[in-house]
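K.L.:
The chain contents come next:
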Amino acid sequence: MKRVHFLGIFFLFMVALVLSACGAGKTVNNKTGAAAGAGGSGGDLAEGAIPIGAVLEKSGALENWGKQSECGMMLALEELNGKDGITIQLFVEDNKSSPDQSANAFISLANVKKVMCVLGAVASSNSRQMKEQANKLNVPQITHASTNVQLTKDTGWLYRICWNDAFQGSVCAQFAINGLKAKKAAIVTDAAQDYSRGLSRNFEETYKSLGGTVVEELNYQTGDKVFTSQVEKLKSLDLDCIFCSGYAAEAALLLKTARESGLQKPMLGGDGLDDPQFFNIAGAHVGTGVFLCNHAHEEDPDLRVQTFVKKYKAQYKEAPGAMSFLGYDSIYAIHDSLKRAKAQGAITRESVRDAIAQIKDLSLVTGKITMGPDHEVKKRAVVVECQADKTMKFCAEIKP
Amino acid sequence: MNEFLIQLLHGLTLGALFAQVAIGYTMVYGIIKLINFAHSEFYMAGGFAGLLSLAYLCGPGKPLDTLPGSAQLLLGVLLAGLLVAALAVLTERLAYRPIRSSGRIAALLTAVGVSLLLQNSFIAVFGNRETAFPHVLEDARYPRWRVALDELQPGQVSEYLIAYRTPIRDWKGNVLKDANEKPLGYSHINLVRAGQAVNAKNLEQARSSSIENLYAYPAVTVSKKQGVIFFSLLLSSLALFVLVQHTRVGRAMRAVSHDFETASLMGINTSAIVALTFAVGGFLAGMGGVLAGGMFIGTVAPMMGFMLGLKAFVAAVLGGIGSIPGALLGGLALGLVEQMTQHYADRMFFQGASAYRDAIAFLILIGILLVRPTGLLGRFEGEKV
Amino acid sequence: MLEGLLNFPNMANHLTLIGIYVILALSLNLINGSLGAFSLGHNAFWGMGAYVAGMLIWTTGSPEGSFFGFVGSLAAAMLAAAFFGLLVGIPCLRLRGDYLAIATLGFAEIFVICARNSEGWTVFNQERGLGGAAGFSLGDGFQGGNDFALSMTGSLNGRYLFYFAFTWTMVALTFITIRNVLRSAHGRAIESIREDETAAELLGVNLTHYKVLAFVIGAAFAGLAGALFANYRATVSPSQFLLMEGIKILLMAVLGGLGSMSGCVVAVFVLYVSEQALTTLAMHVPFLSFSTQGFELVDKPLKDLWQVIFSIILVLLMLLKPQGLMGRRELDRKYVHEILVSWKQDPILPSVTLLQWLLLLLTLALSASPLSLLASIAVVVGLQVFKQKRRSFRVAAPAGGTQA
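Residue numbers (our numbering), protein chains in the order written: chain A, 475 to 874; chain B, 7 to 391; chain C, 4 to 407.
One thing to keep in mind: the hints can contain errors.
What the hints assert, rightly or not - Computed cross-link-like contacts, DMTMM-like style, restricted to lysine to aspartate or glutamate with a CA-CA straight-line distance of at most 20 angstroms:
#1 A:K813 with A:E537
#2 B:K183 with B:D71
#3 A:K627 with C:E200
#4 C:K303 with A:E521
#5 A:K791 with C:E200
#6 A:K627 with A:E824
#7 A:K709 with B:E157
#8 B:K39 with C:E200
Derived by calculation from the structure, the hints in this document are not laboratory data.
Treat the numbers as computed from the prediction; the structure is a model and nothing was measured.
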């Protein structure tokens, strides 16, 4: 067979690299309707625009959420274009739902595009990798969707504009006691996900402190399909509700197995259940009493929310998910920070970081936020009930 | 005791699924001494083949949508089996035959590559998420006997669990219907549990909903879906037994698995036999995919074959790789172990022990490989110099 | 993307990662290539090294970090991974090819499962366990500090430079060590086991000793790579060491040629660069996609299909060229000399090869249409046929000097 000339390969791959750089100069037309001025990572910086980076899960296991975030961000960019003298140019990188790629993307954005701030990621494990880089590279990071409690500790640069798992757990516990009137609950945890374990722990703490009893704690693994053991155990117990802190795919199967075995107790979950997959898998059973804690909901009568929902539906032909709301808000948050940083002097990474730390009473579609000294915000959460027609019905709003 | 029996049945069901896939692994290894990593993807492809057959042939408005649910399922299973058998033969032809002479490592790596290729292609086409399988089989639990609603009085203690099936409603109380005006699905609601008194409220609720038959169930029941899985395994094993032991083709298969070169010297068309083995293994895996993924779980996903395939392989090794009864035994045993670990580990060891369930399966694998590499029912193969 | 190439921290980042992968590929090459075993669980050794190094730094760390801590973590990681290699190697001694592969796979999966459930494992640290599925950061509790490289060099660029230089020093160390082992009597014994185990045993080679030795050395260097990785990234989590990573490393070793060390280096570069380059391509190809409406042809960006392409590369590689890029040859003077001689003999062949590659890569880089890609592939295949014909013609005619 032919002998491969390695030197030739080496040389040619370097050539390829250089040439593909030229090829990538074209703007990529995204199916999600990229707004002008945000032409992916290949665009050049426009005159007077401020470079902001975003690292999102645009492919891989969490691509739904990454794409929703991006859609929300693009919508916000269109609305804010040039307002208050600030033009943001967004460079979006795909981290392929992998922590290592997140770190690479962050390093590239910070050094190559010289962004003032990085937004993202959705998953806490990816945000954590980026947080390490943010600490070392001295670049502020705003995460719009990662809820792990550990993220905002030990950092001078990472800020979070959504609530965290501790709050989410307590919201669920409060709703269980007050909304569902459930004195006895069983907790089912996805043992392979830190998100799920953290949420279960926080739920348990608050639930017990409010007088509830945890009758059983059960586990499963991500990717499990068979829940016969868990359901049999649950059936034999005297309980009022089931708290499932995992992601949509497994929770839906748990729900289905439970309903088909005669277990009709309501199910409560976190924002991990907010996924179209949940409806697909659980089928008609979603309407039988599934509640989840979420960041925002469509039927909010607030004018800003309604305008946002209408615009989003018109542009993307589908209803916005929680990530869309949060992505939209992250652009508003960074815009507000940039405005104040500019007013106080030059726009540098330090001044942007200080401006983010001083966010006060900023009105967003997911609520009004003020940045606290612990890099967290206090925001309200909503509890919604899933309907069989794939919409969510508003149940309760719980303020911090 | 009842709890144990229920978990036993669930474990055997899980084991039956493992066994169905393990047979394919063991047959291919017996014939060409290759661990076909791609076999787990055949199982997954079977699930999708079933999904597509049902969607295109039995969906609303399609030619065969008037068939009863069980007939539709049977059709789906057979079509999926045939399609996956074709896929298996194609894989053998394109990927395994050329490297047959290249040594073990090349063959294994090719198998890994084919497995990854199938996984990733399906992910590219169908997305890395669960797709719902059409609901064609109405589940029911047996044994059961009918109870009349009028017979029950509030406060009456019931010896058995009494439950009824009711169509799923939305929060307003309307029955949810699909495009064919059939209810979207059914829920089981327990009217009264065994040893408890009938609650007036529950009785009232039952009287006001449009329930379809009130049944009493004993503590331990077998569901229709479990029955289908057991029955299909039984049927496949019987058919395979007849094929391998009592037909000419089967004799040829046994000969080839015993000694490849000599069999070809005896005039057996070894290439055809190898292709046939792959086809049979693939057929069984495809059936498994539809029954397990589609019918039992209700969803299919491109990654559904990975873990199950790995465990089915462990089962094949446990039973003795190369031996079909071994695959059956190994599959059932492993299914039982896994179900029991999941259910009892938290109580027996420490809270959270059930999370190590998969590790137990691999420990069993390593243990068997060290203690008795030929498995429970395998034969000892000396190493030829 | 050109600016990405010329940007120092970005390139240093990529080159450091490439260095880590080279160490991994070299260590796997020792086990799979030189010994001839088939270990699928290399990600576990890598992970073990990372966890041990990370844990050590975390428990003994200080806000500025320390050089002794850093070097100590490397040594501890190597020891721990070597011990784990011993643990895995001894039981797997009696197993042949297929069984060995599955057994090592089993060990690797057990490692991942234990790592995921390690939240309560307060073995090293009384307050916190090993972080479980989330993993842990080396800077947790140190206000983002505990990075000795940063405090030693004082600047961020310095940190990148340090890790880049140190990693490649380690690469050189690994390369030289493994090469020396292979050139010694131990190495010959190991390779004899690969060639014919029974014959080697009959000739007095202690199978147990040498098999375990190969496993231990391979695992130790994988642990080194893990320690470097943990220090560089400053976080450790189970999702960095999944089975897929192990298969990626295997592909790198196989692409280079099992048994060839320089092949490993080349293959790592090839795979890493092509993966990064592919993500910048703008080409869209029509691809089948299934949604609730049924099948439809959508325009998928080529970079989303990287995993599919990766698997096709593996299958084609095993079908067409199972010995990899370099077979068992090393990139030494003799090899280069042979190539130069054959180029001199028939200059047409290498120029045609150059043409093929240029055409393919230019199409990928510049074009946005899959039709042109198909056309260029057709031309490349045609040129390949031409080369085959020419080569057989040249072989038939008498030719002087060494022939390929």
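K.L.:
Evaluate each hint against the coordinates.
P.N.:
Hint check results:
no.: 1; hint: A:K813 with A:E537; verdict: violated (31 angstroms)
no.: 2; hint: B:K183 with B:D71; verdict: holds (16 angstroms)
no.: 3; hint: A:K627 with C:E200; verdict: violated (56 angstroms)
no.: 4; hint: C:K303 with A:E521; verdict: violated (32 angstroms)
no.: 5; hint: A:K791 with C:E200; verdict: violated (65 angstroms)
no.: 6; hint: A:K627 with A:E824; verdict: holds (19 angstroms)
no.: 7; hint: A:K709 with B:E157; verdict: violated (26 angstroms)
no.: 8; hint: B:K39 with C:E200; verdict: holds (19 angstroms)
Hint check: violations occur at hints 1, 3, 4, 5, 7; the rest are consistent with the structure.
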